[in-house]
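Engineer: Here is how the chains run, residue by residue.
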Amino acid sequence: MSGMKPKHQRLVLLVIAVAALIGAGLLAAWALRNQASYFYVPSDIVAEPPAPDKAVRLGGMVQVGSIKTADDGVTVHFVVSDGKVTVPVVYAGIVPDLFVEGSGVVAEGKMGTDGTFVASNLLAKHDENYMPRELDDMTDAQARATVSETSE
Amino acid sequence: MIMHIFANPKRFLGLATWLTPLLLVVGLVLTAGALTYGLFFAPADRLMGDTVRILYIHVPSAWLGMGGWTTIAIASLVELVWRHPLATIAARAAALPGAVFTAICLITGSIWGRPTWGTWWVWDGRLTSMLILLFLYFGYIALAGAVNREGASSRIPAIFGIVGAINIPIINRSVVWWNSLHQPPSITMGKSAIDPAFLWPLLIAMLGFSCIFGGVILARMRAILADIQTEARLRRKALSA
Chain C
3 MSGMKPKHQR
13 LVLLVIAVAA
23 LIGAGLLAAW
33 ALRNQASYFY
43 VPSDIVAEPP
53 APDKAVRLGG
63 MVQVGSIKTA
73 DDGVTVHFVV
83 SDGKVTVPVV
93 YAGIVPDLFV
103 EGSGVVAEGK
113 MGTDGTFVAS
123 NLLAKHDENY
133 MPRELDDMTD
143 AQARATVSET
153 SE
Chain R
1078 MIMHIFANPK
1088 RFLGLATWLT
1098 PLLLVVGLVL
1108 TAGALTYGLF
1118 FAPADRLMGD
1128 TVRILYIHVP
1138 SAWLGMGGWT
1148 TIAIASLVEL
1158 VWRHPLATIA
1168 ARAAALPGAV
1178 FTAICLITGS
1188 IWGRPTWGTW
1198 WVWDGRLTSM
1208 LILLFLYFGY
1218 IALAGAVNRE
1228 GASSRIPAIF
1238 GIVGAINIPI
1248 INRSVVWWNS
1258 LHQPPSITMG
1268 KSAIDPAFLW
1278 PLLIAMLGFS
1288 CIFGGVILAR
1298 MRAILADIQT
1308 EARLRRKALS
1318 A
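In order, the protein sequence lines correspond to chains C and R.
FYI, the numbering for the first sequence is 3 to 154, going by this note's numbering.
FYI, the numbering for the second sequence is 1078 to 1318, going by this note's numbering.
Looking at chain R on its own, in the form it has when it is part of the complex:
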């Protein structure tokens, strides 16, 4: 069983020790390259002009804001069904980076909306469901923190993580189900309405952001594991003294 291989913290640490810096370095190189190209060399848009360059930050952030919660939901499922302690740690580790990317998505979207639409914010389906995602992250982080301090069952945040995942397909479909100010998806199954001159740096930026995201999650998982070990060691010392 592949799950059992990674459920072993020792084996996980052996993997994470070299995978964390690798992901971070590759991610930083890809992101720096894609953003430099996107901000300085990619063409301006026919209608939006230079404001289109915010695309290279906005879209990868949206992708990872949603990817973060998907990680939480899958890890929560594994935690509830297979009771893997590493799954709990992975879900906790994904929450803060996911929230940060969701916030970046909302902020860059707002800055983009002002010159393009003529408004900083509207309560349409896409913008509202994305804001709800940010609030769900806050709820999850607060809940996981409370469980950690007060010692309640860690299954409570896991259930919250799975229930909250219902918002992900809603965000995705919001521009299709309801009339919205936000445009419908430009990239759908094998089709793209984005000119290749914009598309390539965007795809590389998304890959780079994703590598950084993976590296940060692994680093945070290692930090949580180290925390748990230190606590256990302190407790043992206190008992033997």
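Extracted from the complex, chain C is given alone in its bound form:
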């Protein structure tokens, strides 16, 4: 380094420092990969069931055709899927506007002993697709085809 101009020395030093910083950041992100996730997907819940009294969040897609409102009008049963496994969920309360079948949901609650997830709060998860309302006139299958076309 002694033959280099001072500004080149500083450049080399800074590049090494930035590389070390990025390495440290990546390591930290890697170490946090489980803890920093906002929710568990059904596969996580089935692989490692949480203790019955532990509050967890379960996230995934509301399976099409699975929403059933009980006779009392406020209790809903539905199934959350991650494409591999499914977990049945029960929730009593007002559901968010975006809570629809085939859309994302995050349920906060506890795993019941009978394998049903008892949710105390529901959050709707919007996906990355933005569609004008005119597409509402299409059938569901057409809308889905349009969505997958534009997202590819």
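Please note that the accuracy of each hint is not assured.
Dumping the calculated BS3-like pairs for lysine-lysine here, alpha-carbon to alpha-carbon at most 30 Å [said to hold, decoys possible]:
| no. | chain 1 | residue 1 | chain 2 | residue 2 |
| --- | --- | --- | --- | --- |
| 1 | C | 70 | C | 56 |
| 2 | C | 9 | C | 70 |
| 3 | C | 86 | R | 1268 |
| 4 | R | 1268 | C | 9 |
| 5 | R | 1087 | R | 1314 |
| 6 | C | 9 | C | 56 |
| 7 | R | 1087 | C | 7 |
| 8 | C | 70 | C | 86 |
| 9 | C | 112 | C | 86 |
Computed far set for chain R versus chain C, every beta-carbon distance over 10 Å [as the list claims (entries may be wrong)]:
| no. | residue |
| --- | --- |
| 10 | 1103 |
| 11 | 1110 |
| 12 | 1125 |
| 13 | 1159 |
| 14 | 1181 |
| 15 | 1202 |
| 16 | 1228 |
| 17 | 1251 |
| 18 | 1261 |
| 19 | 1272 |
| 20 | 1277 |
| 21 | 1307 |
Worth flagging that the hints you see were computed from the coordinates, not collected in a lab.
Remember, predicted model here, so these are calculated numbers, not experimental data.
Note that CB positions come from ideal geometry on N, CA and C, so glycine has one too.
Chain C is already provided as a structure; the job is to place chain R on it using the hints.
Structural biologist: Using the frame of chain C, we list chain R on its own:
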């Protein structure tokens, strides 16, 4: 060397004198057009309805909140390696507008989250890393202010600016690395999951916001340079008196 051309404050001022109003006017026209179209004429979203219109403010603000820190980091690098005094001034000038856009992003996101997700705030990866960005701005502004008043080395904020830049790729990747309530990116390399009816006003709003941001930074740089000149002149006067 292109760097040396712009390192000369006189040449910079010659450029900034006409570029500042140009950027501000073009930016205001583009932003006004895009927001008028986005708020009143663009279609409502299939699921979110009219709340989707907040997109035209939220996304450009997020873009510039992150762009502001990227500016600070690049200017800090130039300051540390090439010792350009204008780089220091550019980094100082970018901090406050960057912080303002980050705050707008967080506030509009919160207002959007209430009807869409059913909550004002969650501690997921994207929201948390964006809040950290706002705190980093506060830290940078306080540090640069202290250095200015107390007369310590201006390299201290520059190092802070470079270290803090590690948060930018974390914000960007947070929705990919970790499960989050915030949706994954809609616009990725050459692909868009946003219908063209929403996408065009959004892209124009982003361009308009960016022009305003550039104009504000240039105006602030000119103000800082004028401050330095006034101080130097006062000092000379005090010495000769």
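Engineer: Next, verify each hint and record whether it holds.
Structural biologist: Right, here's what the structure says about each hint:
no.: 1; hint: C:70 x C:56; verdict: 26 Å, holds
no.: 2; hint: C:9 x C:70; verdict: 69 Å, violated
no.: 3; hint: C:86 x R:1268; verdict: 27 Å, holds
no.: 4; hint: R:1268 x C:9; verdict: 40 Å, violated
no.: 5; hint: R:1087 x R:1314; verdict: 22 Å, holds
no.: 6; hint: C:9 x C:56; verdict: 56 Å, violated
no.: 7; hint: R:1087 x C:7; verdict: 27 Å, holds
no.: 8; hint: C:70 x C:86; verdict: 22 Å, holds
no.: 9; hint: C:112 x C:86; verdict: 21 Å, holds
no.: 10; hint: 1103; verdict: 27 Å, holds
no.: 11; hint: 1110; verdict: 20 Å, holds
no.: 12; hint: 1125; verdict: 7 Å, violated
no.: 13; hint: 1159; verdict: 6 Å, violated
no.: 14; hint: 1181; verdict: 20 Å, holds
no.: 15; hint: 1202; verdict: 5 Å, violated
no.: 16; hint: 1228; verdict: 22 Å, holds
no.: 17; hint: 1251; verdict: 8 Å, violated
no.: 18; hint: 1261; verdict: 5 Å, violated
no.: 19; hint: 1272; verdict: 5 Å, violated
no.: 20; hint: 1277; verdict: 12 Å, holds
no.: 21; hint: 1307; verdict: 31 Å, holds
When each numbered hint is compared with the structure, violations occur for hints 2, 4, 6, 12, 13, 15, 17, 18, 19.
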